[in-house]
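So the protein lines, in turn, are chains A and B. For the record, in the first sequence the residue sitting at position 7 is 100 according to the working numbering, with numbers rising by one throughout. For the record, in the second sequence the residue sitting at position 389 is 413 according to the working numbering, with numbers rising by one throughout.
Possibly wrong hints are sitting among the right ones.
Some, not all, of what chain B presents toward chain A, calculated at C-beta under 10 Å [stated by the list, open to error]:
1. 76
2. 96
3. 97
4. 100
5. 101
6. 102
7. 104
8. 108
9. 109
10. 115
11. 123
12. 124
13. 125
14. 168
15. 171
16. 181
Think of the hints as simulated: they come from the structure by calculation, not from any bench. Where is the CB? At the ideal position from N, CA and C, for every residue including glycine.
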Amino acid sequence: MKIFNRLWTKTLGFIVLLAFTAFFIVPVIWLLLAPTKTDHQLIFGNPFSFGSFHNLAHAIRVTFTYQDYALLTWVKNSAIYSFGGIAIALVASIPAGYALAFTNFIGRRTLLGITLFVMIMPATALVLPLFLEANAVHAIGSPISVILPFSFFPFGVYLSYIFYSSSVPRDLLNAARIDGCNEWNVFRKIALPLARPVVALVAFFAFVANWNNFFLPFVMLPSNSNYPLPIGLQDLLSSTPAFNPGIGGDVPILRPELAVATIVAMAPVLIVFLFAQRSLVSGMLAGATKE
Amino acid sequence: MSPVYLDKLTKIYPNGYEAVHDFDLEVKDGELMVLVGPSGCGKTTVMRMVAGLERITRGTLRFDDKVMNDVSPKDRDIAMVFQNYALYPHMTVGENIGFALSMRKLPKSEVRKKVKETAEILGLEEWIDRKPGQLSGGQRQRVAMGRAIVREPKVFLMDEPLSNLDAKLRVQMRAEVTRIQRRVGVSTIYVTHDQVEAMTMGDRVAVMRDGHLQQCAKPQEVYDNPVNIFVAGFMGSPSMNLFEATLNENADVLTLGSQTLKLPASVLALKPALKKYANSRVVVGIRPESLNAPGPQTQKGDDDVSLEGEVDLVEALGSELLVHFSTDAVRVEAEGAVSEDAEGLDAGLIAQRGAGVARVEPGAQVTLGGKTTFSLNPSRLYFFDSSTGLSIVE
Numbered sequence: 094m095k096i097f098n099r100l101w102t103k104t105l106g107f108i109v110l111l112a113f114t115a116f117f118i119v120p121v122i123w124l125l126l127a128p129t130k131t132d133h134q135l136i137f138g139n140p141f142s143f144g145s146f147h148n149l150a151h152a153i154r155v156t157f158t159y160q161d162y163a164l165l166t167w168v169k170n171s172a173i174y175s176f177g178g179i180a181i182a183l184v185a186s187i188p189a190g191y192a193l194a195f196t197n198f199i200g201r202r203t204l205l206g207i208t209l210f211v212m213i214m215p216a217t218a219l220v221l222p223l224f225l226e227a228n229a230v231h232a233i234g235s236p237i238s239v240i241l242p243f244s245f246f247p248f249g250v251y252l253s254y255i256f257y258s259s260s261v262p263r264d265l266l267n268a269a270r271i272d273g274c275n276e277w278n279v280f281r282k283i284a285l286p287l288a289r290p291v292v293a294l295v296a297f298f299a300f301v302a303n304w305n306n307f308f309l310p311f312v313m314l315p316s317n318s319n320y321p322l323p324i325g326l327q328d329l330l331s332s333t334p335a336f337n338p339g340i341g342g343d344v345p346i347l348r349p350e351l352a353v354a355t356i357v358a359m360a361p362v363l364i365v366f367l368f369a370q371r372s373l374v375s376g377m378l379a380g381a382t383k384e
Numbered sequence: 025m026s027p028v029y030l031d032k033l034t035k036i037y038p039n040g041y042e043a044v045h046d047f048d049l050e051v052k053d054g055e056l057m058v059l060v061g062p063s064g065c066g067k068t069t070v071m072r073m074v075a076g077l078e079r080i081t082r083g084t085l086r087f088d089d090k091v092m093n094d095v096s097p098k099d100r101d102i103a104m105v106f107q108n109y110a111l112y113p114h115m116t117v118g119e120n121i122g123f124a125l126s127m128r129k130l131p132k133s134e135v136r137k138k139v140k141e142t143a144e145i146l147g148l149e150e151w152i153d154r155k156p157g158q159l160s161g162g163q164r165q166r167v168a169m170g171r172a173i174v175r176e177p178k179v180f181l182m183d184e185p186l187s188n189l190d191a192k193l194r195v196q197m198r199a200e201v202t203r204i205q206r207r208v209g210v211s212t213i214y215v216t217h218d219q220v221e222a223m224t225m226g227d228r229v230a231v232m233r234d235g236h237l238q239q240c241a242k243p244q245e246v247y248d249n250p251v252n253i254f255v256a257g258f259m260g261s262p263s264m265n266l267f268e269a270t271l272n273e274n275a276d277v278l279t280l281g282s283q284t285l286k287l288p289a290s291v292l293a294l295k296p297a298l299k300k301y302a303n304s305r306v307v308v309g310i311r312p313e314s315l316n317a318p319g320p321q322t323q324k325g326d327d328d329v330s331l332e333g334e335v336d337l338v339e340a341l342g343s344e345l346l347v348h349f350s351t352d353a354v355r356v357e358a359e360g361a362v363s364e365d366a367e368g369l370d371a372g373l374i375a376q377r378g379a380g381v382a383r384v385e386p387g388a389q390v391t392l393g394g395k396t397t398f399s400l401n402p403s404r405l406y407f408f409d410s411s412t413g414l415s416i417v418e
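Bound conformation, chain B alone (with noise of 0.2 Å):
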């Protein structure tokens, strides 16, 4: 068990493409740290610096205070659970936990010992001499996660372990996954690109894009305060709708497409830095749970403004509504944030037609294609400058 720190960790590849830059991040003992990102965005390779698997072409990677840029990866004393699983497949479930002991050259019935126990902590004592081609895709991630805790290793790495399992199990593995981490309080990097899983399991969020870091910090903080427009299209689903807008000579009337908000004083006060944008444009941000329809649960507050749109498809979820509608706005999306094939757009916004959805309670009056109004309380808005990306914050 030890922290790890990642300074300024550069990978830059032989063909010149930069997949990593100045990357800097602390993870403190113990503690489980979720690398999220769209594919594509460094994350893997980070976690790979750390592994040793791939070389560190700048900057620093300690354990504790120990520099491990140039150790191997068999001396690292960490333990990784990949993807795919990495089951050695002509071993048994017994043989794939003891192999790393085994490699270590503990004596025969300590491995033993430490298999049977960590088979027992994860429920695979009758899997125990199967081999992993005879195993479910949910037994096999857990020989997997056998394998990393049998070692009580330094660190935890962990490269979208659940990607590869359904819907159902996945939920169930997320919990189960976080608890064992918790039981065995190994500092733990866990790469994902599913903002749930980063929101559920993190005891904090390193957003990635591009091989830059966005943000590190607890995921309600990362939810609640995003940096900039790509943090906050890419936490949270359905996605926060994210508008063009002008704001009035003095800030306090925001126009999207032809709808006028009035913002109450509160905030401004909240957020004097908007004075800065009275005249201009900025994006702004609703979360989908913002926005509430009319029904018999709603209660509207003296400051809520109303958005209108018109209802084009609704998805009932049961315990809520998903309304998507579209206005005449110009809506905004954060390359990379929400799709995972955007790729080939120019690069930061792009515009498209003013579609939004609002997260509402099942007994809202919605009707297809009819028109909505959408009551939202002013203080729940996100704003965006427009040119850099970045938050509005004070």
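Just chain A, same shape as in the assembly (with noise of 0.2 Å):
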């Protein structure tokens, strides 16, 4: 009686899992079947059937040659915004975390608080004051108005710092300014590589961050030729005559065009993703256990 009533915890337990994997699941299958099919057969066809690479090289082509390679100029917009804004957040972020955990200063816990404060509050609340501030410098339009908001990453800091405060014991340091090194030294040939999750984590968060944000270069970036993937896509999509029938091309943007372009606009995060995975799971535990 109790082996069965275990069964059939166990068959409910699965039940709702594959429920749960379907419903998140299905959409993706549908999205990645998408661009095989033609703008009819997506609509009325069946949704899981696969059309043919035909009409999968012709919803590439399609989407790529718009607007003369459009596509390929916001993909590389979209990799110098990300990645200057990582490489500053990083520059800051790990060393001021190091700093919060292990330095007495007058004002070390405001700015603590101030940090958390700022984590918490949404990004989009800040466009208009930055876009103003941005206009008093004349930088509307240039990288520049991007990067340096996205380089603005509390998270990061507060991540570093957590890292910094719970896994690494301040004997460490001692041990290596005994040994011989200064501060610089302490921090790069010690603190740094212990950091090395960290340092995965906070890029990836950054990097996913920057590389969806909408909002941000949407107001900064007035020219076309700036835009960066999540704007040029709207830009696609306005051309779309499914959702703009006013317009119509000589080469329409159809729906599998459409769905070819959202697949390129997500799979630098996967694949990011997949190759920070073990730093990423080693980062999130950091902290968790204490030698």
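Now that you have both chains on their own, put them together as the hints suggest.
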């Protein structure tokens, strides 16, 4: 009886999990299959049917050649903005967290509090003031107007602070000092290498946030050639007859083409995640155990 | 290699807490000086001031004739072994040992050579490419030692390096650390709260309490002639039995509870100052090994006196018996000397029920719950002033 009960609980759990998996995975499958179909098949055919490789090639060709390879320009722009932002965010946040964890200075607690506060503040709330600021220094339309706000990443500071204060014993740094390190070398040779998982974690989160950010570049960058992917996609969307019936180009952008563009937009995040996964997991576990 | 001089070293924290008070100490060239005391007595603070990890509030620290007060840790030419080893987890054993050398910009080939030599001394050759996380506690401990000795520093500092090891390994490493220290001959300050380590390892021992130096001498000297009740109670395991007692008007009869002990003239001749305590209270100390229980091998001296106690517990250690007994005398304990958590009790002396411990030979006749009469040579009694706690020596 007991065994039967346990079996029953297990089966139920399995069914629930399966239902949730299906709920999340069905749209992804649909998206991956979409470019293989024609617009008509996509709407009226079986949602899980595979169209043809011919259709796929067509959709890819049309998407990429749209406006003279605009998609590639957007990808390039997105990469520049994202990685530029990450680079500055890392250079600033890892040492900042280290300093907050290991040094005692006036205003340290206040600074930590402010870090937490701005961390929970929605980024979009800052877009308009940032726009006014960028406008005042005539930076609107330049990459720097996006990269600099992207590099502002208080979450990274906090993550680095948590890591250093919970997982790195002070004596380890003292040992390095006694072994002949000056403060810079203590950080570079000991503290920074130890923080590798945190660096990966901060980089990944910053990357996802930057890559998907829509509103800030939308406000800051007026010209099509400066667009990052999310705004490019919006541009693409608006030239689709399905969404904007007034428009009819020589080679129309239809739903399968939109699907291709969407996949192109999400692929980098997926790839970065796959590569960073191992470090990410250990980064998220950092501090959970103490030696 | 250089002698270390601590001259009236004082540490006052920003919150006003005085952790170390006018601490004087001289560590001779090549000497192993053990700083011992209960936790919170300031011994680690002294070491950290020597290391440069803690600012010196007052006083002078010199290596040889060079004042080190304001020299940064990296320029002091010291090596330190930390309680938790503080090995660099992202480096291999070899890199850990060689780190300080490469920071000193020694050529790579030389670093490799020295690391290899050190690893051989410590029996770490096979682990040289492992990370600290893959090593056992004892091996990590040895890497930490290696990191210190490879430097050939002026001074070694060791902060309870054996306290994270299990009992057996601790005994083994105790001998090993001493052996290595003798071999490299570097002046060493060794901090511990374990009086056994202090006794066995130190050339000299400095006993600390509440930031004050109590006594600094050779281990046997500290054990045989403790300056006060605290040192008497702290050094030795089981610790010295201390009872309240009164001397009669001639200072030749000692009353402990309801028992009287006749002191022969030789004791008074040895400690004439006892006369001053005639008709007054003293604290009397008896080392557990000074008490003899009746048994086949027990030899009773002519002057021996008797002390009766009810046996509460007998611990058989194979080579000896630890007999816990109780008397109606008032037991005295120096605060912090025995129990690590004796804090919060009134300063100075704590009175407890009249319990004592005797260390006797395994064949001794003791019965649990019964009364046993221990014999004891009165010349092996210790006397302390009951108000100051100082030893009555002369």
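Could you check if residue 100/B really has its C-beta closer than 10 Å to a C-beta on chain A? Status holds, d = 8 Å.
Hold the hint about residue 104/B up to the distance rule: shortest CB distance to chain A must be less than 10 Å. holds (5 Å)
Would you check whether residue 171/B satisfies its interface hint, that is, whether its CB is within less than 10 Å of any CB in chain A? holds (7 Å)
Would the hint on residue 108/B be counted as holding, given a Cβ-Cβ threshold of 10 Å to chain A? holds (6 Å)
Restraint satisfaction for residue 123/B [CB to CB of chain A, less than 10 Å]: holds (5 Å)
Regarding the hint that residue 115/B lies at the interface with chain A, is the smallest CB-CB distance below 10 Å? holds (8 Å)
Take the shortest C-beta to C-beta distance between residue 168/B and chain A; is it under 10 Å? At about 9 Å, which falls below the 10 Å cut-off, the nearest Cβ of chain A leaves the hint on residue 168/B intact, so it holds.
Should the hint that residue 96/B touches chain A count as held when the rule is a Cβ pair under 10 Å? Given a least distance of 8 Å, the restraint on residue 96/B holds.
Was the hint right that residue 124/B lines chain A, CB cutoff 10 Å? holds (4 Å)
Hint check: is the beta carbon of residue 109/B less than 10 Å from a beta carbon of chain A? holds (9 Å)
Have a go at the residue 102/B hint: is there a Cβ in chain A nearer than 10 Å to its own Cβ? holds (6 Å)
Take the shortest C-beta to C-beta distance between residue 181/B and chain A; is it under 10 Å? holds (8 Å)
Taken one by one, the earlier hints all hold for this structure without exception.
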